[in-house]
Structure formats: C-alpha cells, structure tokens
Amino acid sequence: MSTARAVGWGLVAVVMVALAIPWFLWGASAVVAGLPIWIWWHIGWLALLSVVFYVFTRTDWGIGVETSGGEIDG
Amino acid sequence: MADAGLQLGIVAAYLLVALAVGLIAYRVTDRTAEDYFLASRTFGTVVLLFTTFATLLSAFTFFGGPNLAYSAGPEWILVMGLMDGVIFAVLWYVIGYKQWLVGRANGYVTLGEMLGDRFGSVGLRVLVAGISLFWLIPYVMLQQQGAGTAVTALTEGAVPYWAGAGGITLFMILYVAVSGMRGVAWTDTVQGVFMLGMVWLALAWVLAAVGGPSAATSALAESNPEFLSLGGGLYSPAFIISTAVSIAFGVTMFPQVNQRFFVAGSKTVFKRTFVLWPVLVLLLFVPAFMLGAWAKGLGIAADQGENILPLLLNEYTPVWFAALVVAGAMAAMMSSSDSMLLSGSAYLTRDVYRQIATGITDRRETLVGQAGVVAIALGSFGLSLFQPATLVEIGNTAFGGFAQLALPIVVALYWRGTTRTGMYAGVVGSQLFYTLSVLPFGVFESVPVLSVLAAPATLLPESYVLPFAPGLGGFQPSVVGMGLGLVLTVTASALTSASAAEDATAYEGLSAD
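Respectively, the protein sequence lines represent chains Y and X.
Residue 1074 in this note's numbering sits at position 19 of the first sequence, with consecutive numbering throughout.
Residue 504 in this note's numbering sits at position 455 of the second sequence, with consecutive numbering throughout.
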C-alpha cells in the first residue's frame, strides 16, 4: 500500500534529520582516532544517509511526488 | 610581491580557462531562451551535481566556513551537515524533483512562471520575481565586494578595489552573457572538481607537517578544550536548528539553485545526484572546516577580517600551493556570482519584462536576457563601490529572505486547496515580518511614509526563546517567519475559494515515465 510506504519514508526522513546532530552526545568531548567522537558520528551518519537514499531511489522513488497528494511535506 | 605575481598569474590562468570553457559552450548553444537559461534541460549527473554544489557553497568553503570553525569550534561541520547534507537533500526531492516534473511538462524556466500559471496570476509571478531580485542583487554585490577585496589583499594594494572588482565583473559578463547556462555549468564543474582536489591536498599537506590528526587535535585540546566538546558558546541548539533550517530552505529558493531544479536531463540524473549529495557534503566540509579548527590549536593568528585558511596554508605549504587555493577561492566566488547573474536575468526577462512587453520572439528574449546579465552585473558592481549599509544588510540576510518563500511554495506544490489569496497572504506576510525583523528600518524614522514601518520594526525581537525550554537558546526570526508564512498560506487558502483562472490540479498527475 503506497500510503503506508509514504508514511514510512516520511518517518525515515524525520529520523535522518533529527539525528543528524547527535543530541545525546551534547557536551561530550572524547577524541577517537584524532577527531572528536561527534565528528565521527557525523561522518557515519552522512554515509548511512547516502545508503538510505540509494535504497530509496531503487525502491520507492517518486512516492508522494509523482502521484498527486494531500501531504504538505515529506 | 613575487608571491602576489604568482597568485595573480594563477587567477588570470583560471579566468582564461573559464572563458575558454564558456566559448566552447557557446558553440553548442542554440539561440533559444530555454537553451540559454536552462541548457535545454539536458544535464547529466556530474554536471548537475557540481554546478549545484559550486554555485551554492564555493567561496564559503574556503573562507567563511573555516573562519567560523576557527573562531567558534568545529560544530559548524555538523550545522552544515544538517543543513546541506540532510535537509537540503530532502528538499531536493520534495521541492526539486516536483519542480522538475512540473517544469518539464510545461516548459517552465523560472519559479515565478510555474506559480503564475497555477494561480492564473501575473501579479504573483511578478511579486515572486521581485522579492527574489530584492534579495539577490545585494547578495551579488557582496560577492563582487569579496572578490575585489581579495584581489586588493592578494596584490598588497597594487591593484585598487575598483579595478579588481570591476575586472572580475567584466570577465563574468563576457562568459555568462555569451554562453548562458551551459557555459556557467561547465565552468562550475571544472571548478568543483578543482576545489575538492585542493581541499584534500591541503589537508594532507598540513597534517603531514604537523604530525597527523591526533597531534593536531591534541594541540587544539590544549589551546581550546571547549572546541572538542559538542555545543557551547555560539552553538546553542536553537542556533543550530535556526541556521540549518533557514539556510537549507533559503537555498532552494535562491534563483540560481531553484533554476537548477529544472535542468536535469532525466529522472536517473536526479536520483544519482540525490544519492551522491551527502557524500559530496562530507568530502568537502569535514576537511575544510577541520583545517579551520586545527589552525586555532596550531597558534595561527588571524586579524579581524582576515581569512584563516590562506594564513594556515602560508605557514605549512609552499607559496605556489597557497596561491592555488586562494585562486580557487576567488574563482569560487565567481562561480556563484555567474550563476546568480544568469538566473537574476532570467527572472528579470521572463517574469518582469515579458509580462509587460508583447510580441517577443525567442531570439529577442535571449538578447534581452544577455542585456539583463550585463545590467545586473554592472548595477551591482556600481553599488559595491559605495557599499551602502542597508544593502549590505539585505545581502547578509538574504538566505532568511529566500527561506520565507519556501513553505508557501511547498504548500502550493502539494495541496490542491491552495488559493491565490493564500499565496499572497503567505508570501507577503512572511516577507513583511522578516524584513521588519532583520533590516534596519529604524533609520526611516524621519522619512515620511516609511516611518510607519520604523515603529513595528523596533518592536520585533531579534530572537525568540521558548518559555518552556529556555535552555535551547533563542530561535532566529527567519524560522518564526517561515512558520508564519505556512500558517498564513494555509489559513487564507482555507478561508477563500479559488477563482476561475486558477488551476488547482496543475501540479498533479505527473510522472517521469
């Protein structure tokens, strides 16, 4: 059902945005392999994002956009 | 001065390469408006990726970004990641892909055109173009100012400001006016690849000289331990969210970026660009901004108004390499400005001029477009000689100004119930709120009519602290204005009905297959 999938991808987008900043590491200052740990989070997160985007383009690209919709954002 | 000669030589060499690329592009350009402004919607992945990227962020990567990381800490990497890596990527799909589908089906070249058709309103079209030009032209002026200042600094004053800024303006006019979108995008691509290579070479060079990232970070831990802990100082949660949200949304409405939503050759190009986008953000910003932060620990001293990256490179790399990076940064300023000139001209020509004049042929429109490039370039150059304070302020707050347009347009793209009145309410209301919040209207107190605006301007706060979560810090007026624009668009649309000229389903039923 495409509505369920659209909602699912919407949730994925919300999580990707919400955790782009590792709020749970606020104030953390540990250094791992020469970089602050939260920089590593950032590197890992954007790499993961690229993989998620790839999966999206292979499966549900067009959802919510190509068909008309009542939704306001994705 | 030998260094300055070398640096000037490298800048000149780049300019010649740009011109050559522009001339080659000219040879394959048809004399139609769609080809001039949009290269007939034929771009492949690499060109679209790099032209968007170089247009967006270029000079900032070398100067502004590292300066921020140097003065406030490397959290800026995360702000940029959230802004450009994540939010912009989502908007690339939600706004960009939708606009591409709509634009392809109807032959749209500008945002205003797309809206004007849907809402049966020339007024809305001209309004959106007018607002865009209002924020764009001072922003172009700031780019010219930056380029002029850089040339003066490079030559230690031997080339005066007006000659530096003027020379670069003339050069841009030459290749933008002649070659249009194709030339601009091709030079951007050369530029983007060059930039990426330079940043990684610079990183390798500096780290090899100081003993690797661990040594550099240890030095930073000693001089500025607060830089290694996430948050603090400038970086409150509200600052991070406001900055990332308003700039990411603002970027999508900047004419030169918004027009790029129309130029992809196919759906596959859109998909590939989308997947590669976070990788490019990562590859460019992490090294560039870490260099800025590390410079602090390495004891590089920058005076007010000096850029940290060239200083760092002068310390650890040979003169010619530092010169190459500085040349790259100046070229980067040009790659943003050239695209802005072209898109500004497209808005001026199609959304304003063509709505007034009648019986215009395609060939003639292209000529007028070229004249528009020249007019905007010379106009903003003229303004940059005087640098009026109000215009500088408009340029500095331009991202927020463009961000105000984004939500009403998202609503229009996806909600059939949007009406013309709703669009006017959302667009005008949010612009009014935002300009009153950030522009120095106080100076108009003694001017007869404008004094009406001075009073509300002084009442609007500079930032908004949530009463239930003061610890987050103050949110900027730009995000508050965006919320206001959204509410106004939806409410006013719900309360009014569409006129006969509006086409509620204009953006629906489109698919790439």
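Misleading hints may appear alongside valid ones.
As the list claims (entries may be wrong) - Label pairs and their in silico Cβ distance ranges:
1. X/L416 / Y/A1083: 55 to 61 Å
2. X/A62 / Y/T1058: 53 to 59 Å
3. Y/V1087 / X/T81: 51 to 57 Å
4. X/P510 / Y/G1065: 30 to 36 Å
5. X/A62 / Y/A1102: 32 to 38 Å
Honestly, the hints are just simulated from the structure, not real lab data.
C-beta: ideal position from N, C-alpha, C; glycine also.
Against the structure, the hints:
no.: 1; hint: X/L416 / Y/A1083: 55 to 61 Å; in the structure: holds (59 Å)
no.: 2; hint: X/A62 / Y/T1058: 53 to 59 Å; in the structure: holds (56 Å)
no.: 3; hint: Y/V1087 / X/T81: 51 to 57 Å; in the structure: holds (55 Å)
no.: 4; hint: X/P510 / Y/G1065: 30 to 36 Å; in the structure: holds (33 Å)
no.: 5; hint: X/A62 / Y/A1102: 32 to 38 Å; in the structure: holds (36 Å)
The structure agrees with every numbered hint stated previously.
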